[in-house]
Amino acid sequence: MTSTGPTTKPHISIGIIARNQEKAIGPALRSLFQQSLLKELSRSNLTCEILCLANGCADRTPAIAEEEFAKETSRHPFRHAFQCQTLDINERSKLSAWNLFVHKLSARESQFLFLMDGDILIRHPQTLWNMYSTLV
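Residue numbers for the sequence shown, in numbering that gives the first Met the number 0: 0 to 135.
Hints were generated in silico from the structure; no laboratory data involved.
Mixed in with the good hints there might be a few duds.
As the list claims (entries may be wrong) - Straight-line alpha carbon distances no greater than 20 Å define the calculated EDC-like cross-link-like pairs of lysine to aspartate or glutamate that follow:
no.	residue 1	residue 2
1	Lys70	Glu21
2	Lys22	Glu65
3	Lys22	Glu66
4	Lys93	Asp58
5	Lys22	Asp116
6	Lys93	Glu21
7	Lys93	Glu108
8	Lys8	Glu108
9	Lys22	Asp87
10	Lys70	Glu108
11	Lys70	Glu90
12	Lys103	Asp116
13	Lys103	Glu66
14	Lys8	Glu21
15	Lys22	Asp118
16	Lys103	Asp118
17	Lys8	Glu39
With the hints as extra help, turn the sequences into a complete structure.
The structure is reproduced here in structure tokens:
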């Protein structure tokens, strides 16, 4: 488990559930970091946490997620608006990873929880901001 980024309490917790997604997790995370949500949170002095829950992986999924997180926390223009963590969970269960995120791992202070699979590409840069804006 590695943690990178600011230490302020997150307003939003984003969970990425991934099992053996070494080819997909990099592009999925890069599409997440292109979201305007990070810019908008920064403007409002809010933060989010991004947790990659690698569950029962037999490949490099956790290592690739950590590499992507390290890159983004050092170069992203709104890096102060997020913190990242990769969790290597032994159990091979999407449902278990979901429950861990919702009930134990996401920050209690978070007002909103977003979940996505580790092979999802978010094509439109406003997608997460639109979701958030609809909820508030």
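Here is how each hint holds up against the structure:
A C-alpha spacing of about 17 Å is found between lysine 70 and glutamate 21, which places the hinted pair at or below 20 Å, so the restraint holds. Taking the CA atoms of lysine 22 and glutamate 65, the gap is near 14 Å; set against the 20 Å cutoff, the hint holds. Of the supplied pair hints, the one linking lysine 22 and glutamate 66 holds, its CA atoms being roughly 13 Å apart against a limit of 20 Å. Taken as a hint, the lysine 93 and aspartate 58 pair is honoured in the structure, with Cα atoms around 16 Å apart against an allowance of 20 Å.
Between the alpha carbons of lysine 22 and aspartate 116 the distance comes to roughly 13 Å, so the proposed pair stays at or under 20 Å and holds. The hinted pair formed by lysine 93 and glutamate 21 meets the criterion: a straight-line CA distance of about 16 Å does not exceed 20 Å. A hinted pair counts as satisfied when its Cα atoms are at most 20 Å apart, and lysine 93 with glutamate 108 does not qualify at roughly 24 Å. As the CA atoms of lysine 8 and glutamate 108 are separated by approximately 6 Å, the hinted pair is consistent with the 20 Å bound.
A C-alpha spacing of about 17 Å is found between lysine 22 and aspartate 87, which places the hinted pair at or below 20 Å, so the restraint holds. Between lysine 70 and glutamate 108 the CA atoms are separated by roughly 26 Å; this puts the pair beyond 20 Å, and the hint is violated. Of the pairs offered as hints, the one joining lysine 70 and glutamate 90 is violated, with about 27 Å between alpha carbons and a cut-off of 20 Å exceeded. About 18 Å separates the Cα atoms of lysine 103 and aspartate 116, which keeps this hinted pair within 20 Å; it holds.
Proposed proximity of lysine 103 and glutamate 66 is contradicted: the alpha carbons are some 24 Å apart, above 20 Å. Restraint check for lysine 8 and glutamate 21: the C-alpha separation of about 30 Å exceeds 20 Å, so the hint is violated. At most 20 Å may separate the alpha-carbon atoms for a hinted pair to count; lysine 22 and aspartate 118 meet this at roughly 8 Å. Among the hinted pairs, lysine 103 with aspartate 118 is inconsistent with the structure: their alpha-carbon atoms are about 23 Å apart, more than 20 Å.
Under the criterion of a C-alpha separation no larger than 20 Å, the hint pairing lysine 8 with glutamate 39 is consistent with the structure, at around 16 Å.
When each numbered hint is compared with the structure, violations occur for hints 7, 10, 11, 13, 14, 16.
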